[in-house]
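Chemist: Chains as they are written, first to last, in the working numbering: chain A, 1 to 419; chain B, 1 to 478.
For the record, the hints were derived by calculation from the structure and aren't laboratory data.
Treat the hints with caution; some may be incorrect.
What the hints assert, rightly or not - Derived lysine-lysine pairs resembling DSBU-like cross-links, with alpha carbons at most 30 Å apart:
| no. | chain 1 | residue 1 | chain 2 | residue 2 |
| --- | --- | --- | --- | --- |
| 1 | B | LYS22 | B | LYS167 |
| 2 | B | LYS230 | A | LYS216 |
| 3 | B | LYS451 | A | LYS220 |
| 4 | B | LYS295 | A | LYS265 |
| 5 | B | LYS475 | A | LYS220 |
Claimed, not checked - Not the full set, but computed from the structure, chain B residues with beta-carbon under 7 Å of chain A:
| no. | residue |
| --- | --- |
| 6 | SER277 |
| 7 | LEU283 |
| 8 | ILE303 |
| 9 | THR304 |
| 10 | LYS384 |
| 11 | PRO392 |
| 12 | LYS396 |
| 13 | GLY439 |
| 14 | ASN466 |
Claimed, not checked - What follows is a list of derived Cβ distance ranges for each label pair:
| no. | chain 1 | residue 1 | chain 2 | residue 2 | range |
| --- | --- | --- | --- | --- | --- |
| 15 | A | LYS265 | B | PRO141 | 29 to 35 Å |
| 16 | B | ASP476 | A | ALA269 | 46 to 52 Å |
| 17 | A | LYS265 | B | LYS371 | 26 to 32 Å |
| 18 | A | SER286 | B | ILE369 | 45 to 51 Å |
| 19 | A | VAL198 | B | ASP476 | 24 to 30 Å |
| 20 | B | GLU113 | A | ARG264 | 37 to 43 Å |
| 21 | A | LEU175 | B | LEU455 | 27 to 33 Å |
| 22 | A | LEU53 | B | LYS371 | 54 to 60 Å |
| 23 | B | ILE124 | A | LYS411 | 39 to 45 Å |
| 24 | A | GLY323 | B | SER380 | 31 to 37 Å |
| 25 | A | LYS265 | B | GLU383 | 14 to 20 Å |
All C-beta atoms, glycine included, are put in the ideal place defined by N, C-alpha and C.
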Amino acid sequence: MINHDIVIIGGGPAGLAAAISCYENGNQDIIILERDNSLGGILNQCIHNGFGLHTFKEELTGPEYAARYVAKVQSLGIDYRLNTMVIDISKDKVVSSINETDGLMQIQAKAIILTMGCRERSRGALNIPGYRPAGIFSAGTAQRYVNIEGYMPGRQIVILGSGDIGLIMARRLTLEGALVKMVCEIMPYSGGLKRNIVQCLDDYNIPLRLNHTVTKIFGKERVTGVMVSEVDAFRQPIPSTEEYVECDTLLLSVGLIPENELSRKAEVAINQKTQGPEVDESLSTSIPGIFAAGNVLHVHDLVDYVSMEAALAGKNAVKYVQGLLKTGLSIVIESKNGVRYTVPGTINPDNAEDITVVRFRTSDVYRDAYLSVYLDDERVMHLKKRILTPGEMEQIVIPKKWFAERPNLKKITIMVEKE
Amino acid sequence: MYDIIIIGAGVVGSSIARVLSKYKLKIAVLDKEVDICEQTSKANSGIVHSGYDAHVGSMKAKMNLRGSKMMEKLCQELDVPYRRNGSMVLALSLEDLPKLAILKTQGDTNGVEGLRILTRDEAIKMEPNLSNEVAGALFAPTGGIVDPFKLTIASAEIAFQNGVEFKLKTKVIDVEKHDDHFVVFTDKGELITKVLVNAAGVYADDFNNQLSAHKLKITPRKGEYCLFDKQVGNLVDKTIFQLPTNLGKGVLVTPTPDGNLLVGPTANDIIDKDDISTTAEGLKSVVDRAKKSVKQIPMGFVITAFAGLRATEQNGDFVIGEAADVPNFYNAAGIESPGLTSAPAIGEYLGEMISQKLHAVAKSDYVKIRKDTVRFESLSLAEKAAIIKENPEYGKIICRCELVTLAQIKDAIHRPLGATTLDGIKRRTRAGAGRCQAGFCSPRVIEILAKELHLDPREIAKNDNNSVMLIEFDKDSL
Numbered sequence: 001m002i003n004h005d006i007v008i009i010g011g012g013p014a015g016l017a018a019a020i021s022c023y024e025n026g027n028q029d030i031i032i033l034e035r036d037n038s039l040g041g042i043l044n045q046c047i048h049n050g051f052g053l054h055t056f057k058e059e060l061t062g063p064e065y066a067a068r069y070v071a072k073v074q075s076l077g078i079d080y081r082l083n084t085m086v087i088d089i090s091k092d093k094v095v096s097s098i099n100e101t102d103g104l105m106q107i108q109a110k111a112i113i114l115t116m117g118c119r120e121r122s123r124g125a126l127n128i129p130g131y132r133p134a135g136i137f138s139a140g141t142a143q144r145y146v147n148i149e150g151y152m153p154g155r156q157i158v159i160l161g162s163g164d165i166g167l168i169m170a171r172r173l174t175l176e177g178a179l180v181k182m183v184c185e186i187m188p189y190s191g192g193l194k195r196n197i198v199q200c201l202d203d204y205n206i207p208l209r210l211n212h213t214v215t216k217i218f219g220k221e222r223v224t225g226v227m228v229s230e231v232d233a234f235r236q237p238i239p240s241t242e243e244y245v246e247c248d249t250l251l252l253s254v255g256l257i258p259e260n261e262l263s264r265k266a267e268v269a270i271n272q273k274t275q276g277p278e279v280d281e282s283l284s285t286s287i288p289g290i291f292a293a294g295n296v297l298h299v300h301d302l303v304d305y306v307s308m309e310a311a312l313a314g315k316n317a318v319k320y321v322q323g324l325l326k327t328g329l330s331i332v333i334e335s336k337n338g339v340r341y342t343v344p345g346t347i348n349p350d351n352a353e354d355i356t357v358v359r360f361r362t363s364d365v366y367r368d369a370y371l372s373v374y375l376d377d378e379r380v381m382h383l384k385k386r387i388l389t390p391g392e393m394e395q396i397v398i399p400k401k402w403f404a405e406r407p408n409l410k411k412i413t414i415m416v417e418k419e
Numbered sequence: 001m002y003d004i005i006i007i008g009a010g011v012v013g014s015s016i017a018r019v020l021s022k023y024k025l026k027i028a029v030l031d032k033e034v035d036i037c038e039q040t041s042k043a044n045s046g047i048v049h050s051g052y053d054a055h056v057g058s059m060k061a062k063m064n065l066r067g068s069k070m071m072e073k074l075c076q077e078l079d080v081p082y083r084r085n086g087s088m089v090l091a092l093s094l095e096d097l098p099k100l101a102i103l104k105t106q107g108d109t110n111g112v113e114g115l116r117i118l119t120r121d122e123a124i125k126m127e128p129n130l131s132n133e134v135a136g137a138l139f140a141p142t143g144g145i146v147d148p149f150k151l152t153i154a155s156a157e158i159a160f161q162n163g164v165e166f167k168l169k170t171k172v173i174d175v176e177k178h179d180d181h182f183v184v185f186t187d188k189g190e191l192i193t194k195v196l197v198n199a200a201g202v203y204a205d206d207f208n209n210q211l212s213a214h215k216l217k218i219t220p221r222k223g224e225y226c227l228f229d230k231q232v233g234n235l236v237d238k239t240i241f242q243l244p245t246n247l248g249k250g251v252l253v254t255p256t257p258d259g260n261l262l263v264g265p266t267a268n269d270i271i272d273k274d275d276i277s278t279t280a281e282g283l284k285s286v287v288d289r290a291k292k293s294v295k296q297i298p299m300g301f302v303i304t305a306f307a308g309l310r311a312t313e314q315n316g317d318f319v320i321g322e323a324a325d326v327p328n329f330y331n332a333a334g335i336e337s338p339g340l341t342s343a344p345a346i347g348e349y350l351g352e353m354i355s356q357k358l359h360a361v362a363k364s365d366y367v368k369i370r371k372d373t374v375r376f377e378s379l380s381l382a383e384k385a386a387i388i389k390e391n392p393e394y395g396k397i398i399c400r401c402e403l404v405t406l407a408q409i410k411d412a413i414h415r416p417l418g419a420t421t422l423d424g425i426k427r428r429t430r431a432g433a434g435r436c437q438a439g440f441c442s443p444r445v446i447e448i449l450a451k452e453l454h455l456d457p458r459e460i461a462k463n464d465n466n467s468v469m470l471i472e473f474d475k476d477s478l
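Just need the whole structure built from these sequences, with the hints factored in.
Modeler: Pasting the structure below:
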């Protein structure tokens with residue numbers, strides 16, 4: 001057993017930002033454990049641009065964005081292990097990992113930051129009927145084949161789901177010589193960013209079929225085609241709208257799931273809506289000393305927000321190790337009327353920063369609506385929004401002074417209002 | 001000239017081959033697929049039935065009981081995951097209670113040990129997640145679950161190690177009877193054998209009918225399943241059946257030996273013997289019917305769905321033995337459920353019959369014990385540490401969901417009758433069988449397969465040769 005103050009699980013954007021923040025906030029006894037053969041996580045295969053507009057005020061590719069953080073981690077001399085898989089975390093903060101050189105490594109941590117990211121939903125989760133041939137890929141796996149390995153998974157592509165990776169891959173595969181026939185989205189709106197629909201589909205004349213899904217997969221050995229159907233208001237396929245589309249590949253971009261198998265082993269409470277840990281204003285989970293940030297916590301739209309969130313987790317992990325994080329009564333944040341969830345879910349005013357950023361997604365598309373914040377029954381914020389859509393993360397900033405002004409505050413409510 | 005040719009490298013053909021490999025005989029197993037354990041053997045419930053379903057006096061009853069008795073020791077010898085978890089048949093209304101008693105009587109007569117009728121309360125005490133509709137249950141303590149891939153692969157490996165030839169990707173087109181031998185025409189040429197064994201699953205009627213006047217008719221009966229994440233694998237501990245219907249044992253809810261939850265199958269007679277597609281109606285029906293057995297089906301945790309075909313013979317029983325009008329031609333046909341349970345018994349039964357007929361002499365150097373690929377995930381931390389020290393490639397995780405290491409993948413490729421495809425790796429190691437369904441590991445497994453087999457990644461297939469994963473280099477089509 002070896003000891004480290006802070007163990008960071010995962011060396012993607014969240015883990016890197018968390019580590020740098022720990023260091024800069026005064027704790028240098030950090031180790032990052034990364035399962036892949038390089039730091040940077042999934043950014044390494046995101047070779048398109050559009051990263052870093054908030055953080056660096058310039059437009060970077062994924063590998064460039066990651067490289068800046070990796071360089072910083074290396075220049076600070078922060079310890080990390082590559083090709084290292086964490087296989088267990090106990091609630092008393094023993095992290096067990098394995099790799100080829102160290103074998104089994106057990107680290108007793110004072111604090112742990114969970115930054116494991118997320119994974120893609122698979123075909124199975126959708127239960128699409130048909131055969132099980134080769135040629136069905138999740139968009140992120142196809143991205144790895146094309147961008148890292150240099151291989152095309154197919155020539156004629158149908159994409160199911162309009163998540164950002166699917167949209168990005170529609171463009172990527174087109175540029176690499178494939179014919180992307182359509183992107184089908186079962187919802188009446190896209191799950192991705194508006195800018196990706198414009199830059200990845202519209203610019204290449206790739207049709208986006210809203211209210212459409214794939215109802216059957218054909219091909220015994222390799223995909224030969226899919227049946228595409230329009231869906232009704234209850235998302236049930238309308239039989240008369242069935243259309244057979246010939247293709248050799250079906251890409252799935254149907255949602256991301258925070259990867260919390262390790263969190264569960266540590267008995268961290270999981271939020272059913274986000275599939276990530278329940279956290280407070282300090283990004284502390286239900287187990288004191290275990291923090292979470294990035295896509296393991298909730299799926300973000302922009303990596304810039306991942307980095308910011310992870311920096312906060314790092315800072316608070318340092319405070320926790322120093323014994324400076326207070327315990328005590330927390331104010332609950334209630335999400336209702338179209339607000340699906342909030343991160344954090346509670347705020348302890350004693351620990352709150354000058355401002356607390358509350359991030360969330362809406363459960364539907366709202367036009368010309370208002371985002372409102374109530375402190376108990378008093379409405380204190382009423383922001384006009386031209387559009388709110390589940391594909392884009394929203395945030396509200398809560399100033400600390402609100403708590404000082406209202407010592408008996410019990411509940412903060414965030415909701416969408418028509419007027 | 002072969003002494004014996006077996007058509008079909010499923011669990012039945014492999015079990016027969018394993019038993020016959022004890023003798024000094026020249027044996028070949030032929031299969032049209034690229035790997036052993038394709039078709040019916042790869043897509044079934046994985047249940048070791050205790051034997052109360054089969055009609056008294058039937059071949060099914062005889063083989064089921066014997067297979068169930070053999071299974072535990074055999075799985076130890078072959079290092080195959082097996083658990084005697086017990087099974088329950090539910091009566092879902094008071095009117096159905098007498099049917100449990102009839103089933104119990106049939107089971108008692110068949111020789112099934114320990115059958116017991118449970119009251120509603122006793123059943124729910126044993127399985128707290130049973131539905132509120134449960135009126136009573138028949139409990140069979142000898143029921144079990146087994147890994148069907150591993151049982152097939154292990155049997156084939158033992159046969160192979162003892163000298164049996166496996167000719168895969170070899171499709172039998174025609175069989176011809178001559179005075180003292182058979183000619184087997186395949187897409188790879190002709191083979192000659194003294195004894196021919198027909199273990200061709202849904203195609204067994206074709207081969208029988210080419211040789212024998214006693215015609216068989218096998219109808220593929222499709223069964224669709226949903227497989228769930230290990231997170232909900234403990235919804236039930238025992239295998240939960242409903243009362244059987246004339247199409248089979250109904251929809252079951254069971255844990256698998258690896259800790260997943262399995263729900264299914266449907267039972268629909270179809271025409272196309274290769275149609276293993278799932279259907280929207282089938283998957284819905286599986287779930288709707290399973291909901292009658294257990295309180296809730298955790299649909300958010302489905303990781304995959306699949307379908308398999310039962311080889312249902314029109315007379316409803318297994319057809320096992322030498323054809324009356326074709327000496328030296330042996331059938332193992334119509335092997336539907338409880339075929340997996342029965343396979344070791346069918347192997348023993350036909351193996352003895354054929355070896356006696358050929359006056360075969362036992363080998364002195366027969367290898368009986370097999371060691372499976374290491375199941376890294378199930379090792380303790382100390383064992384994990386020790387094995388990585390011994391071979392550092394156990395420290396390199398390839399499949400994150402099932403914690404499968406580089407050393408295991410390489411072993412699966414290089415062991416006897418090793419894997420050559422992604423599905424072959426999956427069935428031997430579970431890499432790709434987990435919750436992300438190979439999203440993470442497939443690029444890595446393709447790379448390892450290509451390297452170890454000296455192939456180009458564009459040649460690596462999911463299963464069949466035409467199921468390659470990667471088509472071309474980037475920009476090749478531009």
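Chemist: State for each hint whether it applies.
Modeler: A quick look at each hint next to the structure:
Only pairs whose Cα atoms come within 30 Å are accepted, and B/LYS22 paired with B/LYS167 is accepted, the gap being roughly 19 Å. A distance of roughly 26 Å separates the Cα atoms of B/LYS230 and A/LYS216; the hinted pair therefore holds under the 30 Å criterion. For the hint linking B/LYS451 to A/LYS220, the alpha-carbon distance of about 27 Å falls within 30 Å, and the restraint holds. For the proposed pair B/LYS295 and A/LYS265, the alpha carbon gap of about 26 Å is at most 30 Å, so the pair holds.
Between B/LYS475 and A/LYS220, the direct Cα distance comes to roughly 27 Å. Compliance with the 30 Å bound is thereby established for this hinted pair. Here the hint on B/SER277 is kept, as its CB sits about 5 Å from the closest CB of chain A, short of 7 Å. With 7 Å as the threshold, the beta carbon of B/LEU283 comes within range of chain A, its nearest partner Cβ sitting at about 6 Å, so the hint holds. A hinted interface residue such as B/ILE303 counts as satisfied when its beta carbon comes closer than 7 Å to some beta carbon of chain A; here the least separation is about 4 Å, so the hint holds.
The beta carbon of B/THR304 comes within 4 Å of a beta carbon in chain A, closer than 7 Å, and the hint placing it at the interface holds. The beta carbon of B/LYS384 is positioned within 7 Å of a beta carbon in chain A (closest approach about 6 Å), and the interface hint is therefore held. For B/PRO392, the shortest C-beta to C-beta distance to chain A is roughly 4 Å, which falls under 7 Å, so the interface hint holds. For B/LYS396, the interface hint holds, since its Cβ comes within 7 Å of a Cβ in chain A; the closest pair sits about 5 Å apart.
Proximity of B/GLY439 to chain A holds as hinted, the smallest CB-CB distance being about 5 Å (cut-off 7 Å). Residue-level restraint check for B/ASN466 holds (minimum Cβ-Cβ distance to chain A is 4 Å; threshold 7 Å). Checked against the hint of 29 to 35 Å, the C-beta distance between A/LYS265 and B/PRO141 comes to roughly 33 Å, which is consistent with it. A beta carbon spacing of about 49 Å between B/ASP476 and A/ALA269 agrees with the range 46 to 52 Å that was offered as a hint.
Distance hint check: the CB atoms of A/LYS265 and B/LYS371 are about 29 Å apart, consistent with the given range 26 to 32 Å. The hint said 45 to 51 Å for the Cβ distance between A/SER286 and B/ILE369, and at roughly 48 Å that hint holds. Our hint of 24 to 30 Å for A/VAL198 and B/ASP476 holds, since their Cβ atoms are close to 29 Å apart. Judged by the Cβ atoms, the range 37 to 43 Å given for B/GLU113 and A/ARG264 holds: they are separated by roughly 39 Å.
Roughly 28 Å separates the CB atoms of A/LEU175 and B/LEU455, a value that falls within the hinted 27 to 33 Å. Judged by the Cβ atoms, the range 54 to 60 Å given for A/LEU53 and B/LYS371 holds: they are separated by roughly 56 Å. Evaluation of the 39 to 45 Å hint for B/ILE124 and A/LYS411 yields a pass: the beta carbon distance comes to about 40 Å. Judged by the Cβ atoms, the range 31 to 37 Å given for A/GLY323 and B/SER380 holds: they are separated by roughly 35 Å.
The supplied range of 14 to 20 Å is met by A/LYS265 and B/GLU383, whose beta-carbon atoms lie about 18 Å from each other.
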